[in-house]
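Trainee: Below are the chains, spelled out letter by letter.
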Amino acid sequence: MTRCYPFRLAVVAALAIAVLASTAQAVQVTDDQGTTLSLPKSPQRIVSLLPSLTETVCALGQCQRLVGVDRYSNFPESVKKLPQVGGGMDPNIEAIVALHPDVVLAALSSRSATRLVALGIPVFALEPKTHADVQRAITKLAQLLEVNDGQKLWREIDAGVTAAAQSIPPKVRGTRIYFEVNRGPFGAGEASFIGETLTRLGVKNILPAKLGPFPQINPELVVRENPDLIMVGQANLEGMEQRPGWSNIRAIREHHVCVFSSDQSDVLVRPGPRLADSARIMAQCLSDKAPPAKGVAP
Amino acid sequence: MNTTRTGWLLALAALVCAAFVLLGLCIGSAGFENTVGSLWGVHTGDMERAMARQIVWDIRLPRTIGALAAGALLGLAGALAQGLFRNPLADPYLLGSASGASLGVALALASMSSLGAGMVGGSMMSEGGVAVSVFSGSVWVRLGLTGAAFAGAVLAVMLTLSLARGVQHTLRLLLAGVIVGVVLGAVTSLVLLFSPDSLQAMQSFLLGSTSFIGWTSCLLMAAVWLVCVVAAWTLARVLDGLSLGEATAQSLGLHIGPLRAALVAVLALATGTAVAQTGLIAFVGLAAPHLVRALVKVPHRQLMWLASAMGAVLLGGADLLARWLIAPQELPVGVLTAVLGGLYLLWLMHRGGGALGGRTA
Numbered sequence: 047m048t049r050c051y052p053f054r055l056a057v058v059a060a061l062a063i064a065v066l067a068s069t070a071q072a073v074q075v076t077d078d079q080g081t082t083l084s085l086p087k088s089p090q091r092i093v094s095l096l097p098s099l100t101e102t103v104c105a106l107g108q109c110q111r112l113v114g115v116d117r118y119s120n121f122p123e124s125v126k127k128l129p130q131v132g133g134g135m136d137p138n139i140e141a142i143v144a145l146h147p148d149v150v151l152a153a154l155s156s157r158s159a160t161r162l163v164a165l166g167i168p169v170f171a172l173e174p175k176t177h178a179d180v181q182r183a184i185t186k187l188a189q190l191l192e193v194n195d196g197q198k199l200w201r202e203i204d205a206g207v208t209a210a211a212q213s214i215p216p217k218v219r220g221t222r223i224y225f226e227v228n229r230g231p232f233g234a235g236e237a238s239f240i241g242e243t244l245t246r247l248g249v250k251n252i253l254p255a256k257l258g259p260f261p262q263i264n265p266e267l268v269v270r271e272n273p274d275l276i277m278v279g280q281a282n283l284e285g286m287e288q289r290p291g292w293s294n295i296r297a298i299r300e301h302h303v304c305v306f307s308s309d310q311s312d313v314l315v316r317p318g319p320r321l322a323d324s325a326r327i328m329a330q331c332l333s334d335k336a337p338p339a340k341g342v343a344p
Numbered sequence: 023m024n025t026t027r028t029g030w031l032l033a034l035a036a037l038v039c040a041a042f043v044l045l046g047l048c049i050g051s052a053g054f055e056n057t058v059g060s061l062w063g064v065h066t067g068d069m070e071r072a073m074a075r076q077i078v079w080d081i082r083l084p085r086t087i088g089a090l091a092a093g094a095l096l097g098l099a100g101a102l103a104q105g106l107f108r109n110p111l112a113d114p115y116l117l118g119s120a121s122g123a124s125l126g127v128a129l130a131l132a133s134m135s136s137l138g139a140g141m142v143g144g145s146m147m148s149e150g151g152v153a154v155s156v157f158s159g160s161v162w163v164r165l166g167l168t169g170a171a172f173a174g175a176v177l178a179v180m181l182t183l184s185l186a187r188g189v190q191h192t193l194r195l196l197l198a199g200v201i202v203g204v205v206l207g208a209v210t211s212l213v214l215l216f217s218p219d220s221l222q223a224m225q226s227f228l229l230g231s232t233s234f235i236g237w238t239s240c241l242l243m244a245a246v247w248l249v250c251v252v253a254a255w256t257l258a259r260v261l262d263g264l265s266l267g268e269a270t271a272q273s274l275g276l277h278i279g280p281l282r283a284a285l286v287a288v289l290a291l292a293t294g295t296a297v298a299q300t301g302l303i304a305f306v307g308l309a310a311p312h313l314v315r316a317l318v319k320v321p322h323r324q325l326m327w328l329a330s331a332m333g334a335v336l337l338g339g340a341d342l343l344a345r346w347l348i349a350p351q352e353l354p355v356g357v358l359t360a361v362l363g364g365l366y367l368l369w370l371m372h373r374g375g376g377a378l379g380g381r382t383a
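Read top to bottom, the protein sequences are chains A and B. Note that the first sequence covers residues 47 to 344 in the numbering used here. Note that the second sequence covers residues 23 to 383 in the numbering used here.
Source of the hints: derived by calculation from the structure; they are not laboratory data. A hint or two may mislead.
Just so you have them, the derived chain A footprint on chain B, three or more residues with Cβ under 8 Å [stated by the list, open to error]:
hint	region
1	42 to 53
2	76 to 90
3	205 to 213
4	337 to 350
Using C-beta positions, here's what the derived DEER-type ranges look like [as the list claims (entries may be wrong)]:
hint	chain 1	residue 1	chain 2	residue 2	range
5	B	SER211	A	LEU165	24 to 30 Å
6	A	GLU140	B	ILE201	44 to 50 Å
7	A	ALA209	B	TYR366	44 to 50 Å
8	A	GLU287	B	GLY188	41 to 47 Å
9	A	ILE139	B	GLY267	52 to 58 Å
Glycine is no exception: its CB is placed at the ideal position from the N, C-alpha and C atoms.
From just these sequences and the hints, can you work out the full model?
Mentor: Rendered as structure tokens:
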């Protein structure tokens with residue numbers, strides 16, 4: 047037995063060198079949950095369970111690495127052909143496993159993560175909620191996918207938002223906006239990514255940041271704040287004028303209401319690489335519908 | 023003796039309600055404020071006064087009175103349900119009206135947010151929870167949310183009645199109601215799964231909300247309550263008879279069948295109206311009759327009025343707190359009714375010992 051010892055030592059040393067060499071090439075990225083993911087190489091087969099992460103992967107030019115998406119991912123067009131593995135909240139674990147992904151991209155809130163990890167599938171959890179989160183998600187995904195375009199992509203998005211802001215006529219600046227997210231009524235406050243975009247566009251949100259990103263408000267507040275313009279999706283428009291007191295709100299009385307189609311709202315509600323598109327949609331609405339600011343001659 | 027006590031209690035409830043209305047004028051998106059001052063004050067401009075007037079008369083007043091009316095409807099319906107089923111755990115939603123209304127609202131929301139592309143389109147809740155889409159011409163959309171809720175409630179009660187083959191057998195009616203509730207609830211969940219945009223709006227319906235009550239719905243609820251309470255008051259004798267057992271009731275010469283059918287209709291109308299205007303407000307219907315019974319022992323004729331008054335006080339108070347506590351944000355009113363009613367009921371049980379031991383009438 048003893049005579050084998052030098053040989054064993056050599057094998058162990060060789061293994062150690064091999065391991066060291068491979069970690070040198072391995073990908074190591076920490077996700078939003080604080081879990082550090084170490085993969086032998088950049089993942090080639092990816093399942094995404096969040097539409098904004100699907101869009102980010104594609105915006106980084108790596109759409110071809112996606113092998114499955116959740117049922118709500120519908121952009122870009124090519125992801126519609128991919129196998130659907132349920133929704134972010136109710137993913138089909140079996141279908142995901144069957145796709146042999148190298149990594150699954152999911153929201154922090156996704157229930158599937160523990161189960162997938164137990165089954166030996168690495169999960170990379172990201173929760174984009176603000177502009178800064180979007181930038182971070184892009185950076186981290188770029189590291190994970192080993193592409194260099196992360197910073198460039200964010201600079202383009204950022205420039206797009208700035209360009210959208212510059213396209214707005216000066217008289218519209220300072221318009222007071224109410225963005226209705228849902229008929230709770232939940233509104234988009236200054237602290238939300240929608241609110242952040244509105245701030246960049248130079249308009250005033252009637253819901254201050256201290257109320258949180260998407261507060262459920264007393265509808266009386268909107269009457270009292272009397273916004274100049276209301277942004278709302280087609281689905282929530284119905285019955286808005288009939289709410290008590292709402293017909294006297296300036297925006298409704300003078301028809302300064304932007305109604306977004308379903309495709310437009312997909313862009314608006316996703317904190318992903320289409321932030322610049324969303325800024326353009328809102329800028330267009332402002333140019334078309336906003337009344338001249340108070341005290342300024344039309 | 024009890025009649026005098028009933029009178030006093032009703033007077034007290036009326037006083038509390040009046041106080042709530044006055045408070046309700048002053049509580050809103052700015053918390054508590056002296057609106058009376060800005061309404062008639064000399065220091066305020068015309069614009070400001072017009073705004074104050076609109077907020078007080080068009081928003082706060084109908085909302086406050088509407089909450090009282092909805093509470094009265096639920097309290098009345100609760101007393102009816104507990105009397106009809108001779109079960110202290112019965113609540114107004116027992117005949118399936120709640121789950122029917124939920125399904126109606128879920129269908130309306132889903133058709134509002136679904137495009138021709140079908141159920142796959144749409145956005146993700148966890149991404150900001152925005153529901154925005156193109157109209158489809160569905161019948162649920164045309165009904166509007168209130169109409170859809172009412173239609174759903176009525177259809178569900180009719181389904182329950184047909185499954186139970188009429189109102190003759192209390193137990194069968196109870197079972198059919200529970201089954202309809204569970205099945206329609208499952209269908210609602212299914213609809214929502216495929217229309218995640220609607221989840222948040224749906225949740226605010228499930229928790230109940232008094233924030234959109236205008237004069238129309240306020241007057242509608244008040245009128246329906248008046249009709250229902252008078253009908254229940256005239257028919258309530260059969261409930262006293264029933265509490266002695268069906269055979270005894272029959273031997274007293276009561277025509278149980280038609281009377282019970284009429285009471286079920288009143289129950290369904292009261293519940294359906296309240297649910298359609300305010301969503302599923304928890305616990306008022308269950309707790310109000312119990313709270314009354316803890317205070318006074320009365321026959322059903324008087325219970326109908328007292329339970330209405332108690333429901334009104336409960337929901338009125340919850341509505342005030344809902345808009346006051348974290349203004350300008352709102353708490354879901356149903357959460358408050360459950361907490362308030364539940365705590366009070368617990369306290370009564372703790373204090374009263376046997377008074378709430380489960381006697382039903």
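Trainee: Give a verdict on every hint.
Mentor: Quick rundown of the hints versus the structure:
{"no.": "1", "hint": "42 to 53", "in the structure": "holds (count 3)"}
{"no.": "2", "hint": "76 to 90", "in the structure": "holds (count 7)"}
{"no.": "3", "hint": "205 to 213", "in the structure": "violated (count 0)"}
{"no.": "4", "hint": "337 to 350", "in the structure": "holds (count 3)"}
{"no.": "5", "hint": "B/SER211 x A/LEU165: 24 to 30 Å", "in the structure": "holds, 26 Å"}
{"no.": "6", "hint": "A/GLU140 x B/ILE201: 44 to 50 Å", "in the structure": "violated, 32 Å"}
{"no.": "7", "hint": "A/ALA209 x B/TYR366: 44 to 50 Å", "in the structure": "violated, 59 Å"}
{"no.": "8", "hint": "A/GLU287 x B/GLY188: 41 to 47 Å", "in the structure": "holds, 44 Å"}
{"no.": "9", "hint": "A/ILE139 x B/GLY267: 52 to 58 Å", "in the structure": "holds, 55 Å"}
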